[in-house]
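> Sequence:
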Amino acid sequence: MELKEIVDEVMSLNKDGIALCERGKYKDALIEFKEAAIMSLFLRHKSPDYWAFSVANQAYCIRRGENDKQTALELLSDALDRTHLMLLETKIPRTFFGKARLNEELGLVLRYSPDPQNIELDLRQSLFFTERSLNLYKITLNKPSKRSSYNPTLEIIPKEFLQEKYFRLHGMFGIASLLLSEAVDDIAERLILKSQAEVYASKELEMRLEFGEEDGFGLVNAYHTSGIVQTETDKFEAAKENLLKAEELVKKDKLPMVASVIRFNKLWLTYKQGLNNDILKEQLDVIVHDQHVEGSKWDKGVRDYYSQRILEVANRVNSQYGAEVYEEFK
110 MELKEIVDEV
120 MSLNKDGIAL
130 CERGKYKDAL
140 IEFKEAAIMS
150 LFLRHKSPDY
160 WAFSVANQAY
170 CIRRGENDKQ
180 TALELLSDAL
190 DRTHLMLLET
200 KIPRTFFGKA
210 RLNEELGLVL
220 RYSPDPQNIE
230 LDLRQSLFFT
240 ERSLNLYKIT
250 LNKPSKRSSY
260 NPTLEIIPKE
270 FLQEKYFRLH
280 GMFGIASLLL
290 SEAVDDIAER
300 LILKSQAEVY
310 ASKELEMRLE
320 FGEEDGFGLV
330 NAYHTSGIVQ
340 TETDKFEAAK
350 ENLLKAEELV
360 KKDKLPMVAS
370 VIRFNKLWLT
380 YKQGLNNDIL
390 KEQLDVIVHD
400 QHVEGSKWDK
410 GVRDYYSQRI
420 LEVANRVNSQ
430 YGAEVYEEFK
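When you line the sequence shown up against our numbering, it's residues 110 to 439, in that order.
Incorrect hints may appear among the rest.
Claimed, not checked - In silico DSS-like links for lysine-lysine, alpha-carbon gap of 30 Å or less:
1. K360 with K134
2. K375 with K344
3. K390 with K344
4. K143 with K113
5. K252 with K406
6. K363 with K409
7. K361 with K113
8. K361 with K409
9. K375 with K390
10. K136 with K124
11. K124 with K200
12. K200 with K134
13. K200 with K136
14. K349 with K406
15. K406 with K363
16. K439 with K409
17. K349 with K124
18. K155 with K252
19. K155 with K303
20. K136 with K360
21. K381 with K439
22. K312 with K252
23. K134 with K344
24. K360 with K268
25. K381 with K360
26. K406 with K360
27. K363 with K143
28. K375 with K363
29. K113 with K155
30. K361 with K349
31. K113 with K178
32. K354 with K268
33. K143 with K303
34. K349 with K375
35. K390 with K439
36. K390 with K312
37. K409 with K134
38. K134 with K361
39. K363 with K268
No lab work stands behind these hints, which were simulated from the structure alone.
Quick caveat, the model's predicted, so the values are computed rather than measured.
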């Protein structure tokens, strides 16, 4: 195969794998990503980013489908080391997308599955990797200085995709800051982290609106993220408004599982506001029903991430209902 044909095939396999993930077919997607990673080794003298991208997608697949934290972390840590070695061995011009994507996924793995015995450490690491990823994506969008050897045209991903990632990483950094704020004991640090969460979540939404976005999954995520952060900082009216906007937009994208998660975060807002148990049960019944509907059913990574809050809400209704919901989400 010619070099261009290999590039096209690697990117096509990754595209197909991502599409399979969106339909919850993680085992099939993993096969596509692994094949892409093998083929991309033929491109290591052109750019190690093809390989890094394919491996990061494998870890994404493992995180969402199996929620196997250890396997995903080992895969990503090894990939970061090997990507660095490939750059040293080949002496090709530096690019940043591959490392940005690997750091992004490391942050997500640690965020979704922090060690119960050491939550603060894992969430600090999650914040670190997320910030590093954000900074790397920023480099790909900045015009390099005259003395810089970096050439942004050598990145394997179009600028529009890098722009999307840069926007999204602001929201992700906001969520990582929020989660760490809930794990630290120091009150002053907690307040700083919560303020940081608000700034970065609102920044993502602000940038997308200034960029002219009116719909799409990215804007759904931005409204959703702002609503989540505002719920935890007791800005309930603003949270409600943003979650409703996210819910309205997600209907256009026809993403039923995402819509279900937004429904749960609206329910969590209701819970935080201290509204009556009948409303909580009515809303949680819908979430439970979603788990029996193809497309709306949450994947394992999402279920594990939200299960503690779901059980907290269910037990608020009454202990018997809590036991029933536990059987559904255990």
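> Sort out which numbered hints this structure fails and list those numbers smallest first.
5, 7, 12, 13, 17, 19, 23, 31, 33 and 36
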